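Colleague: Kindly produce the complete structure, drawing on both the sequences and the hints.
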Amino acid sequence: MTTQNLRSMKRHQSGTIAAVTASGELGRRIRDMGLVPGTTITIQGRAPLKDPVALRVMGFTLTLRNNEADYIQVEVDN
Amino acid sequence: MDASGSQAALNQGPFAQTTIALAGNPNCGKTTLFNALTGARQHVGNYPGVTVEKKTGSYTLENHRLHLVDLPGTYSLTAYSLEEVVARDFIVKERPALVVNIVDATNLERNLYLTLQFMEMGVPVCMALNMMDVAAAKGIEIDVARLANLLGIAIVPTVARRGEGKESLMQAALDAVRQAGADGRRPLEITYGPDIDPVLKQMSAHIAAHRFLTADHRPEWVALKFLENDEQLRCQGEMADPDVVAELDAMMAPLARHLKQTLDTYPEAVIADYRYGYIRSLMAKGVLRQTADHSRLEISDRLDQVLAHRFVGPLLMLAVIWGLYQFTFAVSETPVALLEGVFGWLGSLVDGHLADGLLKSLLLSGIIDGVGGVLGFVPLILFMFLGIAFLEDSGYLARVAFMLDRVFRIFGLHGSSVMAFIVSGGIAGGCAVPGVMASRTLKSPKERLATLLTVPFMNCGAKLPVFALLVGAFFAAHQALMMFLITLVSWAGALLVARLLRSTVISGPPTPFVMELPPYRWPTFRGLAIHTWERTWQYIRKAGTVILAISVVLWAIMTFPRLPAEVAQDYAHQRAAITDSQASDMAATLAQVDFHEAEAALRHSLAGRMGTALEGLSRWAGFDWRTNIALVGGFAAKEVVISTLGTAYSLGEVDPEASTSLADRLSRAPGWRPLTAICLILFVMFYSPCFVSVVCIAREAGSWRWGAFSILFNTVFAFGVAVLVYQAGTLLGL
Ligand SMILES: Nc1nc2c(ncn2[C@@H]2O[C@H](COP(=O)(O)OP(=O)(O)O)[C@@H](O)[C@H]2O)c(=O)[nH]1
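Protein chains in written order, with the numbering used here: chain W, 922 to 999; chain C, 78 to 811.
Accuracy of the hints is not assured; some may be wrong.
Said to hold, decoys possible - Part of the chain W face toward chain C, derived, beta carbon under 8 Å:
1. I938
2. A939
3. S944
4. E946
5. G948
6. R949
7. R952
8. M954
9. G955
10. I964
11. P969
12. G980
13. F981
14. T982
15. T984
16. E989
What the hints assert, rightly or not - What follows is a list of derived Cβ distance ranges for each label pair:
17. D220(C) / T942(W): 34 to 44 Å
18. N988(W) / K362(C): 32 to 42 Å
19. A939(W) / K362(C): 47 to 57 Å
20. E324(C) / K971(W): 45 to 55 Å
21. M922(W) / A396(C): 38 to 48 Å
22. N988(W) / P103(C): 18 to 28 Å
23. A396(C) / K971(W): 14 to 24 Å
24. M922(W) / S580(C): 21 to 31 Å
25. R239(C) / T942(W): 36 to 46 Å
Treat the hints as calculated values from the structure; they're not laboratory data.
Just so we're clear, the structure is a prediction, and the values are computed from it rather than from any experiment.
Ideal placement from N, C-alpha and C gives every residue a C-beta, glycine not left out.
Modeller: Structure below.
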C-alpha cells in the first residue's frame, strides 16, 4: 500500500481516499460528492487532452480537473 | 420550524392547501416524478430575484389540494451555489409542510447525504426511492423497511418514468404531514465525533439561550452551520446579534486550531466525514445488498469507451454537434418560411387596404415586422431546445463538457459553453437568441455569464447576408475563403473577449469542475416535450412584449421627424411633372423619385441625424452616414443593415436575399474599397447584438445592466477593432 496523488493515478487503477486537503468551495464540492477519507475510487479515464479525469465512486462517475485532483491523496492497492 | 400551521391548514376542509417541496440530487428523476404527479397542472416561473426556474403544480388527494414545488436539484445544502441557496431559502422562508426527498436508488449513499441535511434542518421528510427498476437491473437490493426504520421516515419505492408508486407516495406524504402536525418531529441524532459533538452542544445551548436566529431555525442547525463556516447564516447572524457571533467564534476557535494541528483538517470536513460515516453504518446494517450483476453499469461504461475515447470521441462529438445544428436549422426552415409567409400576407393585406400614411407604416414596419420577428424565432428555439434536451437527458452533454473543458477553460469558460457557441453561429448561420438561452445548461455562474455575453459575436444567420453582400462586392474571387476566415475571426474574437471579461468584470477563480457523468439513458418523449415547450413558451411570453415595444420605438426613430411639408411638396411636384410628361420610362422615373424621397426622409429622421452626427467619429473606421444609419437599423435585426443601406443609396428597400444591385452600387460608390468592406464586416460581427438577443441576455443574466453592457461594450469593442484595422490598412496603402 502506498499513498499517492490522485492526479498521478493510472487508468483503471483503484484505491481508497486517504485525505482531502482542499478547503473552501472546492473542498465542499469534493466532499458533497462523497470524496471523503475511506471512500474507494477507480480511475475510469481521462478526457482527450488528459484533463479532466473521470472516476468511479460508490457506483457513479465523477469528473475532476487535474488541479483539483491534486488535493486528494489516495492509498492505492497494487 | 413549526409545522402546526400546516396541520391547521389540513383541518380547514376541502379547499385547504398544503405546500410540499420536491427535492433531490440532479438526475435523480425529480423532473420526471414532478411531471408524473402534476401532469399539465403546472406553472413555471422564477424564484424571486434569481434566474433559477421555479415549477409549481398541484395534486389532489382526499379533498386535499397538495401544492407541489419543485426545488432545484442539489447535492448538498451548503450555501455555495445559487441552487442550494434557493432550495434552502425556500424551506426556511416558505416553510413547506413536508419535503419529499427523491433518492436515486442506484446511488443511495451519495443521495442520502442530502437527505441527512434535510433532517438536520428539522423539516419533516418523506422519501421517494426512485429508479427502483434500474436498481433491480443492476442487482441492487434495498431493504426499504429497514432503511425507513433507521431513518425514522416514510419511504416509498417509485419508478418515476412509468409513474409507478406516485399514489402511494402522495398518500405517505399526506400521512407524514398529519403526523408531523400531531406529534412533532423526531430530529435525527447523528454524532459528528468526539471533537465536534461537545462544542456543538455548547454552541446550541448558547444559541437557544440567546434566541439567536431561532425564529427560523433549530439551534442545533445554526450551530452546525456556524461550524461548517456557512457564509449566508453568518451574515444573517452578524445582522441579528454580532455579540453572539463573536461568542460562538470564541467557542469554535480552539476546535478549529486543534483539528488543524492534529489532523490537518477543518471542522466542516470532519462533519462531512461523519455524515458519510453515518451513511456507511446504515449500509452496513443490511440496508443495501449488491448481487452480482453489473450489466447496465457496463453498458454506460462501454459506450463511454467509444463516445469519450481519446481520438474517436472528439470526432463523434463534432459529428453530433454538426447533426444537432443541421437538425435545428433544417427542420425549422419550413415553419419559419411558413410564418414569414403568414406575416408577408398580413403585410400585403394592410398594404392593400390602408392608404399610405403613418398608420400603415406603423402597422407594417413597427408591429407586423416586430411580432413577425419575435415569432420568427420560435421554430428555431423550439427545435434547438428539443435537440439540446435530447443531448442533456441522454447524458451526452455532460460528456461534451468533459471532453472540451480543457480547451474552454483557457478562456475562462467551461466545457458546457460549447453548445451555446455552436447554436449562436459557431458554425456560420446559427442564431444568438437560442444560443443565449442554451447557456442555461451551464451550472457555473461566472462561466455562464461570460458565455452568454460572448456568444452574440458568432456569425448568426442574419449577419450572413450582410457578409455575403460585402464579400460578393469586393472579394468576388475568394468568397469561400473569406467566409471561412470570417468564421475563424468571430471564434477568436469571442474567446479572447471571454478571457478579457473573465479577468476583468467577471473575474474570479474558476468554478470547480466536480461534475457527475450520469449514466446514458434513453430520453422519454414526454420529458423532451415538456422541457422544450416550457422554454419556448417562456420566450414567447416574456420576450414578446418587450420586443414589440422596442420594435415600435425603432420604427419611430427611423420615421420621425418627417420631411418638412415643403420638401415633401417638392417631391410631389416632381412626380406630378413626370406623370404629366407621359414619357415612356415614366414608371422607372417615378420610382427614382420615390427612392430619393425615401433617402431624404431617412436622412431627416432621428436615426439619420444620429448617423450624420456620428459621421465625424465613424470616419475613423471608414463609415459614412449611410453606413451609420444602416448600422442603427441593424439593431432591429442584422439583415436590416442591407435594406437600410439600400434605402440610403436611393435603391429602395433591397431584399437581403437578392442584393446584387446594392453590391454593384457599393463596389462603384466613392469612399468604398476592400478595406472599408473588411472594417464593416468586422464591425457587424462584433457590435451590439440585435435587440431580441439583448432582451434575452438581460433575462438570462437576471439584470438589465448586462443587457446594457452588451450593447455598449460590444459596440465600443467593434468600433475599436474597425478603427484599428482601417487606420493600419490606410497606413499600409490598402
Ligand atoms: N429507468 C428509469 N429512469 C428514470 C426514472 N426516473 C427518471 N428516469 C430518467 O432519468 C433521467 C433523469 O431524470 P430527470 O427527471 O430529468 O432528473 P432530474 O435531473 O432529477 O430532474 C431521465 O432520462 C428520466 O427519464 C426511473 O424511475 N426509472
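Colleague: Taking the hints in turn, state whether each one holds.
Modeller: Hint-by-hint comparison with the structure:
no. : hint                          : result
1   : I938                          : violated, 10 Å
2   : A939                          : violated, 12 Å
3   : S944                          : holds, 6 Å
4   : E946                          : holds, 5 Å
5   : G948                          : holds, 7 Å
6   : R949                          : holds, 5 Å
7   : R952                          : holds, 4 Å
8   : M954                          : holds, 6 Å
9   : G955                          : holds, 5 Å
10  : I964                          : violated, 13 Å
11  : P969                          : holds, 5 Å
12  : G980                          : holds, 6 Å
13  : F981                          : holds, 5 Å
14  : T982                          : holds, 4 Å
15  : T984                          : holds, 5 Å
16  : E989                          : holds, 6 Å
17  : D220(C) / T942(W): 34 to 44 Å : holds, 36 Å
18  : N988(W) / K362(C): 32 to 42 Å : holds, 38 Å
19  : A939(W) / K362(C): 47 to 57 Å : violated, 26 Å
20  : E324(C) / K971(W): 45 to 55 Å : holds, 50 Å
21  : M922(W) / A396(C): 38 to 48 Å : holds, 44 Å
22  : N988(W) / P103(C): 18 to 28 Å : holds, 24 Å
23  : A396(C) / K971(W): 14 to 24 Å : holds, 23 Å
24  : M922(W) / S580(C): 21 to 31 Å : violated, 43 Å
25  : R239(C) / T942(W): 36 to 46 Å : holds, 45 Å
When held up to the earlier numbered hints, the structure conflicts with 1, 2, 10, 19, 24 and fits the remainder.
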